[in-house]
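Q: When you get a sec, could you build the whole thing from the sequences and use the hints?
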Amino acid sequence: MTTRRGTTRRPGTTRDRHGRGARGPAVWPPRPDQPPRRTDRDRFDDVLLAVVGELEERWRRHLGLLEYGVEDVPVVPDGWDLDEVPLASLVHGDGGRPSRLVVFRRPIEHRAEDRTDLVAIVRTVVVEQVAELLGLAPEVVDPRLAEED
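The sequence shown stops at residue 149 when you use my numbering, and every number in between is there.
Label-pair restraints from in silico Cβ distances:
| # | residue 1 | residue 2 | range |
| --- | --- | --- | --- |
| 1 | V102 | D81 | 13 to 23 Å |
| 2 | R61 | V27 | 47 to 57 Å |
| 3 | R115 | E56 | 19 to 29 Å |
| 4 | R144 | H18 | 52 to 62 Å |
In short, the hints are calculated from the structure, not lab data. Note that the structure is a prediction, hence the values are computed from the model and not measured. The C-beta atom is built at its ideal place from N, Cα and C for all residues, glycine as well.
A: Now the structure itself:
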């Protein structure tokens, strides 16, 4: 396609004319008869719920009160001296307060190449945290981890 100035432009590209933001069919709202578009966050939540559901089914009696959460990124303090970004955080509960397992979505998605990889990483991270909570080896909590090594 040739523009008014004689330069060529790839078909299907949209321009940000005069700083007004993205335009075109990619940003239009869905029609009422179409289901809403699934976001990366929605897909990640589905993966996490599937992994947690499997673990809860097997370890419910031993887990006690355990809350799960998802944050986009971890809050890293100024004096952070580790080379790696944490993928999850586990806070042990006491008394009436439940334990909390928070999974950090963006660092995990960054490491995953595809959906299969994402499921494997989420499973590994959650199983390692649950194993720490129960005081067991991760391979005991989910024997599939021993097979992956």
